[in-house]
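**Q** Each chain is listed here by its residues.
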Amino acid sequence: MTADVVLSIQNAVKVFTMRRRSLKRVSMTAVDDVSLIVRRGETVGLVGESGSGKSTLGRAILRLLDLDGGKILFEGQEIQGLSEREFRPLRTKLQMVFQNPATSFNPAMTIGQTLVDAMCLSRHLTLKQKEQRALALLDQMELDERFVALYPYEMSGGQLQRVALARALAPGPDFIFLDEPTAALDMSIRGQIINLLLSLQRQSSLSFIFVSHDLRVIRYIAHYVYVMYLGQIVEAGPKHAVFETPRHPYTRALLAATLIGQAERGEMRRTGMLAGEVIQRTPDFAGCKLYGRCRYATERCAHEPQALRTVAPDHWVRCWRAEELAQSGWPAESGAAKEELPTGSQQTAV
Amino acid sequence: MVLVDIQNLRVQFHIGRDVVYALRGISMQIERGTRTAIVGESGSGKTVTATSMLRLLPPTARITEGRILFQGTDLLALDENELRRIRGSKICMVFQNAAAALNPLYPVGQQIADVYHHHNGGSKREAWQRAVEVLAATGIPHPEVRARNYPFEYSGGMAQRAMIAMALVCSPQLLIADEPTSGLDVTIQVQVLDLIQDVVERLNATLVLISHDISLVSAICNRVIVMYAGTVMEAGTAGQVLEHPANPYTIRLLECFAGTDGEEMPYIPGRVPDLREQWQGCCFAGRCPRAQDICWRESPALRQVEPGHYSSCHFS
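Going down the list, the sequences are from chains A and B. Anchor point for the first sequence: position 237 equals 238 in my numbering, and the numbering is continuous, going up by one each time. Anchor point for the second sequence: position 107 equals 1099 in my numbering, and the numbering is continuous, going up by one each time.
Calculated directly from the structure, the hints in this document are not laboratory data. The beta-carbon is built from N, C-alpha and C at its ideal position, and this holds for glycine as well. Treat each hint with caution, since some may be false.
[What the hints assert, rightly or not] To give an idea of the interface, some chain B residues facing chain A are shown, with a C-beta separation under 8 Å as derived from the structure:
hint	residue
1	Arg1054
2	Leu1061
3	Asp1066
4	Ser1147
5	Thr1179
6	Cys1248
7	Tyr1259
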């Protein structure tokens, strides 16, 4: 293991068991054999739609839940199985920013109290020092002194999300898990948060995992991108590889749906769209998880588990047709999966 | 021909002791057969504009001034009975959170059948069959089974399809879709937008699409109205507004969506003005790189910059 790897997740598995109305238990694999690494000073973009397992992974990294399999190494140390007492020193090193700033603050505490409270594990600091640090952090987030005395409800979403970032920075972390930090913000102010993160990373060697389904934001912030679908990584690679030469049909669908206005979009939209909605398969289904939605699916996709394999240096794809489809320019053909479409793009007349 | 003509509409909300001035004298015209997008960020007044058209504003709201002419009739002057004849049959609305807009206690098909029965009469059986037909037309699989399901058994995307089916059942002239894709996964968003476009074409209806996402609306709309802080900032064809924007706010907002080649992501510094306040001058002055003295003194009128293209800025 090289020294510059801050966080390494190896073959992570998380299975949730739910009881249905029929009292039968069904299990759902939220995270399915996921491995990823985060290097020092690098941002990993984690992309996927609801139910893809992004947030579950984040909660596991912060020990907010335990995995059912696999390892999480933080600076070389396995963090799973540590007792709360053993993990506590690491809490200051691993921080999180949540999606909705309006619900991730204690409404009864002022911003100043919240920030000082975030440093409760920093025993070497006096209260005075903590207060000074709180002010310095606010200043770094381009918020002036008067915000210290405000309550969360008195602030806008964009301001609160900057405070959330200050709160995550307060204990002096090495790594921050950012769970869709810009999703609740207007487009006109998302850039401010992104630019703050970029400048923080330039100043110190912070590492981030940035979760988002918004590829417009990922394009600015991430160095390396993992695309997830139903708990699996379906494509991974350096940002430029994933954005410019996407090799998995799901990645193409995401790009077609979000990067609207780009020249190639017209073509992508025609061949990139997915049919229907997410299909939750029973555990005995061995095939590709995108089977049934993917226009390029064949018989083989229904039966054969897909492995993550390299198609170019450091560019990984979980699709056996990846090279062939890219070479043939993603033909507008449709595969064998057609009759199984769950909701139609097929239109009947009124 | 103008289908909807909104003239100098002012809406206030009375919340506790505060008065929120949500719409500050807006005027807009929606031509028959167009697909018009009203875009703006949170607090811009786009949803208030849409709900005013159906007079579905919450009790805290007061319309203090203005007229909304629909085919020459002032919707604001109608009584509740007259209004009910227009809602659902002539003007339909698709709401943001479809799952919450459906009644949880009745099967989805029943709710659609009720709407049909209310406006068209006939037998219950016929209404039910019609409901199944429209569910099928919006791409819901096994519509005869799905019609008997309750809203909680639908996914978000399916619930939105059912809402569109409900709008479809009465063949309205005007379909208002208020953020129909927010809360849905991006791959589903594209499907729902395509469905809306398809339905509007089949009904030969006029579409008003409310959205915060300029790039989404650019895919299906041919006219765009940009709102900010309860004011119309710019209006024109999609080509005019999106490709040759005249208003500084539109220009900056488009940059935020499209991105630049630079390292940093563009954003608009500052924040939206407090809608509880009344101000002189331009509502965007505090964030505008081009602001001059006059922008703080005088509120710019919406004026024509080229045929059919309007902007409210002293300098455009």
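**Q** Confirm or reject each hint.
**A** Here is how each hint holds up against the structure:
1. Arg1054: Result: violated, 25 Å to nearest chain A Cβ.
2. Leu1061: Because about 29 Å separates B/Leu1061 from the closest Cβ in chain A, which is outside the 8 Å limit, the hint is violated.
3. Asp1066: violated, 32 Å
4. Ser1147: Where the cut-off is 8 Å and the nearest Cβ of chain A is about 6 Å from B/Ser1147, the hint holds.
5. Thr1179: OK, holds: B/Thr1179 within 8 Å of chain A, min 5 Å.
6. Cys1248: holds, 5 Å
7. Tyr1259: Constraint on B/Tyr1259 satisfied, holds at 3 Å.
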